[in-house]
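Sequences and hints are given; from them, build the entire structure.
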Amino acid sequence: MQIPQDLIDTAKLKLKSVQSEAEFFQLRAQFLGKKAYVISAFATLKSLDPLAKVAAAKELNILKGSLNKIFEDALVNLQSEDDFTVLDTTLPADPYLVGSIHPITKVSQRVMDYFLPLNYQVFPGDEIETDYYNFEALNFPENHPARQMHDTFYLNSNAQSQHLLRTHTSNSQIHSMLREDLPLYMLSPGRVYRCDSDTTHLPMFTQIEGLVVDQDVTFGDLKGVIINFLEYFFEEKPEIRFRPSYFPFTEPSAEVDIKFGNNGWLEVLGCGMVHPNVLKGCNIDTKTYRGFAFGMGIERLAMLYYGVEDIRDFYSSNLDFLNQFSS
Amino acid sequence: MKVQYAYLKGYLSTDLSQAKLSDVFTEVGFECEVDGAMIDFDITPNRGDALSLRGLQREFDAHQSRTAKRKIPVTKLKFLKDKTVIDKVDQTGCGNYHLAMIKNIESLKNLDSKKQKFLLEAGVPLIHPLVDLGNYVMLELGTPMHIFDLDSLQLPINVLFKSENKTFQAIGGDYKNLEASTLTIQDQKGVQAIAGIIGGEKTAVLKKTTNIAIEAAFFIPHKIVNQARKYGLATDASHRFERGVDPEMQKTALARFIFLLKDIAHFDAIQCFEGESTTLKPKYINLNVQRFNNFSGLTLTSKRIKMLLENLNFDLAAAKKDNLKFKVPSHRFDIDLEEDLYEEILRCYGYDNIPVNSSKSGPIISNREFSNVAQLRSGLVFGGFQELIHIPFVSKKTFDSLNIHSRKPAELLNPINENEPMMRGSLFGSLFNAIYINAKKNYSTIKVFEEGNVFYKNENEFSQESHLSGIIYDHGGLQSWSAKTPIYDFYSLKADVLQLLKTIAVSKLKLIPTTSSKIFNSNSMDIFAGKKKIGIFGEIDLTVTQKMIKNTVFGFELYPEEINSNDTRVQLKPSSKFPSASRDINILISKEIKYSLIKSLLEKGRIKFLKQFILANTFDGAGIPDESISMTLRFIFQSPTKSLTESDINLSMNKAFQILQKSFKAEIRS
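Each protein sequence line maps, in turn, to chains A and F. Every number in our numbering is 612 more than the matching position in the first sequence, counting from 1. Every number in our numbering is 3 more than the matching position in the second sequence, counting from 1.
To be clear, the hints were calculated from the coordinates, so they are not data collected in a lab. Warning: the hint list may mix true and false statements.
[Stated by the list, open to error] Rough simulated footprint, nothing fancy, chain A against chain F, three-plus residues with beta-carbon under 8 angstroms: (1) 44 to 50; (2) 84 to 90; (3) 132 to 138; (4) 208 to 214; (5) 340 to 348; (6) 487 to 500.
[What the hints assert, rightly or not] Computed from the model, here is a short list of chain A residues facing chain F with C-beta under 7 angstroms: (7) A641; (8) A686; (9) S712; (10) H714; (11) Y858; (12) L891; (13) G893; (14) D925; (15) S929.
We put the CB at the ideal spot given by N, CA and C, even for glycine.
Here's what the structure looks like:
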């Protein structure tokens, strides 16, 4: 007996174009109904000799089983497809806007992320300040060049004390020492102003001030916290250099430079041991307490961290620039 | 200060390369950079003593532990006091005053080419061999000098603040109006120089000059500092006097000048005079070795400390165990305290050699102050807002247009841009500008926000208030293939604002329609926490933005400092185990009635088992009278103790309808 071998392929091909259950059952009848070959062929077996009969029956059964399986699977597929609409999931999403935190805020937060777990307390500071807190209490001599109109924005005021836009966040050192109990571990972020505007300077920039006043703090402690912070911040171990410098409110004073690979040294922050005149002015007993302070320019850190080349990009409202910080 | 490397190298007698030498000075606190054939020194304002070859040499020798004293070749001079030459010296402004007079100078040659090159490369122009020599000695020893044409002076000289002249002609020809606070050098004809800053045109050295008077003086730094700027005459001399020159160096400087003059000229008599001077007492500072070690974290011996300081010319005056007493050299104006000596020791020891300790923690803070700004910021970013930061200077026009409460501006006396002399009173000005800039760049849907202070002037002080403001601008930009375009309108903004405030748990939050605001039109609401206004949001009035933005924009302004979210611990209520039931009611009600009133009366109406109700639909189209609106209210009921029966629910629904009927004359539609 000759059994057609292409039945399975034909069934598969025809099933592909089936759209509804009605079409399916119609097709199924063609292949597995009473008049279908696999069913009617069983009737013709009688005429065969016993050996051939057994072989042919076996072959027909296998064919019938295969067809049954193909149709069962196709029915499951057909019915499940009826439960949902098949989508082109590669089409675009509904329109959405992505916001992001400003890179300067991001970098400030990154600095805070290091210090807050060390229990540094965030201390807000005023941007409009008096001459006293910005200069005098910080041990700036009366005629210090920084006090000139040349560097400092002054405000039109009828008050006795001279009002100005603070030139650094160091004013927070004084306010926090006068207000808080010791020991003091504080961090004060904020905006500061200088009469400066060119391609590398802006009249406003952002600083974070840090201050520790405690018993037994040493210059070695200051170095430790700064080195550790810089390694945390840059996620690598740059070469770090402490270089003697001068700030009226710290003694000794240092500037800190870092170096990545073969590039030159880059200044990243200023720091030092709090000047005894500053501590005394805040009624702190310098026999028991010592302090260290540091201040860093966030724009500088952000430029290094993100590879920003023009400082003016930060404050130009340019969404092409800012949208890149959404990740 | 720029110094030619080749010259400096010779002066310091060193073989160090330019880069290495630059590193050495940076290490000891004189930040410098290699600039062509020069080393550019950034000398901090406290170290005027280092603004000379001699000053740099001292630092270099200390760093290299060279203890041998260097000698400066000079001509021996004798100084006389003579009132007919130097008469009055006001010692509040002038510590000492010297004149060296040299007569019959002949065959004057230029300085040798090495010195000329050194001067030129340091930025000092060549003027006249005598002036050039004075400048050279200034760069060598740090003591500025001035050279008068002796024949044009009418002695004696007085050094005084007050003068009869009102104007003075400086070298170069400029006339300056003199102020009483300015110290001047006067002869019998009047002012001939502004002390420490510049000489006069009339007594300047000329080609034909053969007789000169060389001035070397110590002017008190803080009497000079404001003067040079005031007259717009910042000179190399004023730069040094402002920072302080060595008060013991004047005679040596004159002697050095005359010694070097011999190389370039013949001359006759030398006569030297000095005026009355203030004798400066040497300063002594005590240093305790143990205290120093506690301060620095080092363990240096007193011997080591003595050596390091002596290298810097601090001589040990007395020693008793750990207590050392040092004499401060006269050129070191900046040293007053024990801590100043610590810095000197550490500088020479090398900051980088100080051992590093691990980071110390502060005490645990139990009542940490909580700022909600960070949380608001992340809420906004999640809502698709981009954060912006702007410089807070604005024009008068911008300030006025956003000044709702007619407050006084905080004005700058010295603005960088004359058109922007005020501190902002609102963040909206810059935000409008940001929309304007970016809309031009084809951004047609923009959500931006800024956090920062706004500033006002009060009676005798200034106020700075924290604001958080945002803007939504939509010019139909977000198109989609699915036609599902997001809608930005008042109600979407209201959702944004409520969602945002929910994240910081504002207690007693209330929204009340705004009655007056210059910035917002009447489609706006004030945000209250109890009785305190914490913000406003709504549609920005077109008159505020019309010049810049043509489409409707929505905005909000929050006052984070006013928002009290300290009590954020949630008070939990038990949740019911019993099923809830919901019923809709469709009413016809006057359009005049605000929804907030309906809501409030229903909430206060003691409707039993009412868990929540929502406004499910409104309709005012066909079939609804003009003055009315149809509302579908959905009530959801639930009991904490039982399953509700149909009659429980009906009773409550009746109660609800009674309230609506009685208070608002509402009609049931279906």
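Determine which of the earlier numbered hints do not hold for this structure and return their numbers in increasing order. 2, 3, 4, 7, 8, 12, 13 and 14
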